[in-house]
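Read off the chains here:
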Amino acid sequence: MEYKVIVGLEIHVQLCTRTKMFCGCAVEFGQEPNSRVCPVCLGMPGVLPVMNKQAFEYAVLVGLALNCEIPGFTKWDRKSYYYPDLPKNYQISQYDLPLSRNGFIEIPLKSGRSKRIRIIRAHLEEDAGKNLHSAGNYSQVDLNRTGTPLLEIVTEPDLNNGVEARALGVELQRIVRFLGVSEGDMQKGQMRFEPNINLVISRDGREYRTPIVEIKNLNSFRALERSIDYEEQRQLAEFLESGKVIEMGNKTTRGWDDQREVTVLQREKEEAHDYRYFPEPDLVPVELDKRWLEEIRSGLCELPITRQMRYVNEYKLSDYDAGVLTSERAISDFFDEAVKAGGDPKRVCNLLTQEGLRIAKERGSSIAELGIKAENVAKLAGLVESGTVSASASAPIFMQMVETNKDTWSIVNELNLIQKSDAGELEAIVEQALADNPDAVKDVTSGGKKSKKARGFLLGQVMQKTKGQANPKVVSEILTKKLG
Amino acid sequence: MAERIDEEQVRKVARLSRLELTEGEVEEFTGQLSAILEYVEKMNELETDRVEPLAHCLPISNVLREDVVKESLGTEKTLANAPQRDEDFFKVPKILDDSFGA
Ligand SMILES: [Zn+2]
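Here the protein sequences line up with chains A and B, keeping their order. Here this note's numbering runs 39 ahead of the position in the first sequence, where the first position is 1. Here this note's numbering runs 1 ahead of the position in the second sequence, where the first position is 1.
These are computed hints drawn from the structure, not numbers from a lab. In this text, all values refer to a predicted model and were calculated from it rather than measured experimentally. Hints are supplied without guarantee of correctness; some may be wrong.
Facing chain A, a subset of chain B residues (Cβ under 10 Å, in silico) [said to hold, decoys possible]:
1. D7
2. L80
3. N82
Below, in silico cross-link-like pairs of lysine-lysine (BS3-like), each with a Cα-Cα straight-line distance of 30 Å or less [stated by the list, open to error]:
4. B/K71 x A/K92
5. A/K255 x B/K95
6. B/K43 x A/K255
7. A/K481 x A/K445
8. A/K290 x A/K227
9. B/K71 x A/K169
10. A/K127 x B/K95
11. B/K71 x A/K127
12. B/K95 x A/K118
13. B/K43 x A/K118
14. B/K43 x A/K227
15. A/K400 x A/K379
16. B/K13 x A/K255
Note that the Cβ used here is the ideal one computed from N, Cα and C, for glycine as well.
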């Protein structure tokens, strides 16, 4: 018996516009309940929604980044909905003419390979509010989230395990962050994943498909991956026990229990999926002409996976370092700028991933917000490269660049951190150190066990006398010359 | 000719819309809805092969607004019409199957 896991994802991404999709209420996470609500959000009689242009453009931008076809004409539809977190009793969504379709996303897999996952469609809709069930024998409703622009992305079932689903999630998060259209924080519900999963089992020359299960309540990438792994085993066991296969109407929904790490069957009303879509009479269609589309396209940047591959292939950075640099657009842009200013890619990478990210993390900001100039980082990389300053001196110099935003060269001079490589000058200091430590000299010249340690000690003495500014390579050479 | 709507279909649509209908209403609406469908059926007499589907009855498109924050109602006004409230929340009967939110 053999089997294959088949997974498709339905993804919801909140767009980070200032205001909601159809009204001017602010989109803000964590505000007092029901404080960002107006008659449109409440679905009061007589109100009219008006489309947020920015939300539409953000959605098209993601469609372009996902290599989708963007039709010149798109319209809105009503989807029946009966929960109090959308008081209109319908959700404005898109049914037959979504704003983008037929695209794909490349997801990075191990060992520098990637896999293409097809995208069926990406369309705009409005988010619901929040129903809270923890208060007692009733539910509480907060409508602050109601009407937040939400992009729904549906993939073909091209994924074959939890690891791939997770990779897609991480990649999509990186893309929407790069484009600046969503914060993509799963804990805050800004990105939500609902996998559809079943198995194709081959046994005795016959093929069986298990019933499709949709998983909900996933609030981390880890949960996304684990829930698919769990469901794989559960469906396999269920098939072996019952032989149950896919049929019309036997798709079920299961919720992920994060504590117990299991999926639990959710009870659903039989007619829950009878959405009865019809064209939204309150919103006119959007026509996207070539000029507008090109204007939106100009907001597109080189995608993170392309940059990551470029860093690995062109600059010979490790996959890990390239991943760190492309985790945020600001870091990646900064890196590119520094390299363009003449910095050696590996040196710049080390400066950014070691010093830059450490300082940024301490200050709770991004590298771009540190106020340093990319060209100064390039200069510092050059000074390390040429041996003018030591690698260890680059840390205090970097720090000073953040503190003062002065030119690299003046900082190096002020801190007196120019590495001494002048053999003549260093020779005098070495001689002084030898004269001060006759025992160590004896240990070195007599050879044997203590020799190596004593040599290190003498080197240390010279470094101390020069306050760390001596070039250790040059000092070693002088020591060898004098002591053999 | 379109099929006439039967009472079973009316009951189903009512259930989907969370409407409670009396037997008298079911009978009444079955007749009314059938009459509407028959009326719309007249459209089939027209040659529509070369007519583009209509997405909206207004001959305009691209009614958009800039992404500028406007003042919301504030919590008190928002909750003013609520049949029941619990602090700053709307209070509703316990929801058992949350299909979308949460
Ligand atoms: Zn509003």
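Hints versus structure:
Restraint check, B/D7 versus chain A: the minimum CB separation of about 18 Å is more than 10 Å; hint violated. Given the 10 Å rule on beta carbons, the hint for B/L80 holds: about 6 Å separates it from the nearest Cβ of chain A. A distance limit of 10 Å between C-beta atoms decides the matter here; for B/N82 the minimum to chain A is near 8 Å, and the interface restraint holds. For a cut-off of 30 Å, the pair hint linking B/K71 to A/K92 stands: about 15 Å separates their Cα positions.
Restraint check for A/K255 and B/K95: satisfied, since their Cα atoms lie roughly 20 Å apart, inside the 30 Å limit. Simply put, B/K43 and A/K255 have alpha-carbon atoms about 45 Å apart, too far for the 30 Å limit, and the pair is violated. Note on A/K481 and A/K445: the hinted pairing is violated, with a Cα-Cα distance of about 47 Å set against a maximum of 30 Å. For the hint linking A/K290 to A/K227, the alpha-carbon distance of about 28 Å falls within 30 Å, and the restraint holds.
For the proposed pair B/K71 and A/K169, the alpha carbon gap of about 22 Å is at most 30 Å, so the pair holds. Proximity of A/K127 to B/K95 is assessed by CA-CA distance (about 19 Å); at most 30 Å being required, the pair is judged to hold. The hinted pair formed by B/K71 and A/K127 meets the criterion: a straight-line CA distance of about 21 Å does not exceed 30 Å. Our distance criterion of 30 Å between C-alpha atoms is met by B/K95 and A/K118, whose separation comes to about 23 Å.
For a cut-off of 30 Å, the pair hint linking B/K43 to A/K118 stands: about 27 Å separates their Cα positions. Between the alpha carbons of B/K43 and A/K227 the distance comes to roughly 52 Å, so the proposed pair goes past 30 Å and is violated. Our distance criterion of 30 Å between C-alpha atoms is met by A/K400 and A/K379, whose separation comes to about 25 Å. For the suggested pair B/K13 and A/K255, the alpha carbons sit about 28 Å apart, so the restraint of at most 30 Å is met.
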